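Novice: Residue strings, one per chain:
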Amino acid sequence: MISLLPLQTSEPLIRWNYIGDQWDDIQRKLIDHIELTLISVALGLILSTTLAAIALRYHWTSGPITTISAVIYTIPSVALFGILVPYTGLSKTPAVIALTGYTFLVLVTAIISGFRSVPRAVREAADGMGLSARRRVMSVELPLALPYIMTGIRVATVTTVGLVTVASIIGQGGLGDLILDGLRRTYWTPMIVGAVLSVALALVLDLGLWLLGRAITPWARRARVR
Amino acid sequence: MNVVFPAQAAVPRDIGLWEWFSRGNTWTGEGGILSSAVDTITLCAAVMAVSVVIAVPLAALLAHHRRGEISATWTLNIGRAIPTFAIAGLLVPISLTNGYGFEPWPISIALLMLALPPIFLTTYTAVRHTDPGAIDAARAMGFTERDVLVRVELALAVGLILSGIRVAAVAVVATEPIRAFLGGDGLGRYVRDGLGQNNDTLKIGGAILVAGLAALTGLALGAVERYGLPAGARHLRQVQDTRTGETR
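Going down the list, the protein sequences come from chains L and W.
Okay, so the first sequence: first residue is 538 according to the working numbering, each after it adds one.
Okay, so the second sequence: first residue is 146 according to the working numbering, each after it adds one.
So that you can see chain L by itself, here it is in the shape it has in the complex (with noise of 0.2 Å):
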């Protein structure tokens, strides 16, 4: 078998036609890879949340909950797959639970963190007013701490979107398939293409959640000034 991996190609970096011949092609990829990021991150933030609330209520709990997500970060994402792939088969299942489980440390760690900067004395003078345990958490402790979540979501969407490519060894990961298909057809248009819009996509919804997070939390740059 001959088995030479070829130092130089002739294959030019891009060709543009194919931009618009598989435009829809691309599209497809490129809202599969939207979808597969929105899906994770929203299944995160929720389960996200349960475990904060958890480590919120019973202090002990934090260190537990922390370390675990931690671990669960460092597991190379490639170990992670080839784990899961057996288990579930190839769908879209071990790529949601393996983003999903990547999301917990940076979530976590930020809702926890932006609950324990809410000020003893306001919680106190929330209490003070009467309010319910959880209008106080609804209307004074979250408004609070979210320039804390905000930027929890926004790494936690960015560290997605650059890890949904790798889910493409699986087969589900948008426009990661294209830099895969790229690759064993020695055609580097689908790559670059691919590349180029995951490193877009990311900056893209970066800044999305940026100007969202400025925008519901106009109090926070108030007080930054001061």
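Hints listed in this document are in silico derivations from the structure and should not be mistaken for laboratory results.
Incorrect hints may have been included.
[Said to hold, decoys possible] Cβ-Cβ distance ranges computed for the label pairs, FRET-style:
1) L/607 to W/379: 35 to 45 Å
2) L/542 to W/218: 37 to 47 Å
3) W/288 to L/605: 17 to 27 Å
4) W/361 to L/755: 40 to 50 Å
5) W/372 to L/553: 50 to 60 Å
6) L/607 to W/219: 21 to 31 Å
[Stated by the list, open to error] Chain W is faced by these chain L residues, among others (derived, beta-carbon under 7 Å):
7) 583
8) 586
9) 702
10) 706
11) 732
[To be verified] Some chain W residues close to chain L (C-beta under 7 Å, calculated; not the full set):
12) 206
13) 212
14) 247
15) 352
Source: prediction; values computed, not measured.
All C-beta atoms, glycine included, are put in the ideal place defined by N, C-alpha and C.
Dock chain W against chain L, hints included.
Specialist: The following block gives chain W in isolation, referenced to the frame of chain L:
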């Protein structure tokens, strides 16, 4: 033109995990675990060495001269946004068009971009926030600026710098296996072959190897941080930890 990837020795599908791990030729020979691990470790070590040589002096000098405050924030934001797989995927065609081959440049550059930000950031922060009293004392004792940087600021920062290096090294070792999917080999090859041959033993076995090496890297560098430092720096590290409230 089509690229012919190296042929993979097929592993029987019904082989058990234990059996695979205990076969001699799983470990030795070309494509064996040992040579793949050496391959991976060499690449990661080279990437880490280059990033330390670039990031530590640069960050230390900038922080010493109180320059580039913005660079720290910028690094923090860019650093966590880098999609290594996409970057490597972008570099492979560029490298091949220019005659540099599949390896090692594309993956090395992508990993370098992953390793630089945490090292730069911890070094910058640690040097920038050196106790001003210590710096004043050193200047008063007639230390030159160079001595202040090397013997005071860097000496006091060494604990934090090492933790930055550990974080970067774990990330690099954990990410390096993507190289197997981009025309290379290394320890990620077993997961790749497992997926390609639909062999669960290879998938799981390969995953254990990859995760194990990342965990070992973290533990080994954690031990260096804990026991390898001079007593003074180690004590200081504990003080810094309690001050920043960081749990390890």
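Novice: With reference to the structure, classify each hint as holding or not holding.
Specialist: Here is how each hint holds up against the structure:
no. : hint                       : result
1   : L/607 to W/379: 35 to 45 Å : violated (22 Å)
2   : L/542 to W/218: 37 to 47 Å : holds (41 Å)
3   : W/288 to L/605: 17 to 27 Å : violated (46 Å)
4   : W/361 to L/755: 40 to 50 Å : holds (48 Å)
5   : W/372 to L/553: 50 to 60 Å : holds (58 Å)
6   : L/607 to W/219: 21 to 31 Å : holds (25 Å)
7   : 583                        : violated (22 Å)
8   : 586                        : violated (21 Å)
9   : 702                        : holds (4 Å)
10  : 706                        : holds (5 Å)
11  : 732                        : holds (4 Å)
12  : 206                        : violated (28 Å)
13  : 212                        : violated (23 Å)
14  : 247                        : holds (5 Å)
15  : 352                        : holds (3 Å)
Going down the numbered hints, you'll see the structure goes against 1, 3, 7, 8, 12, 13, while the others check out.
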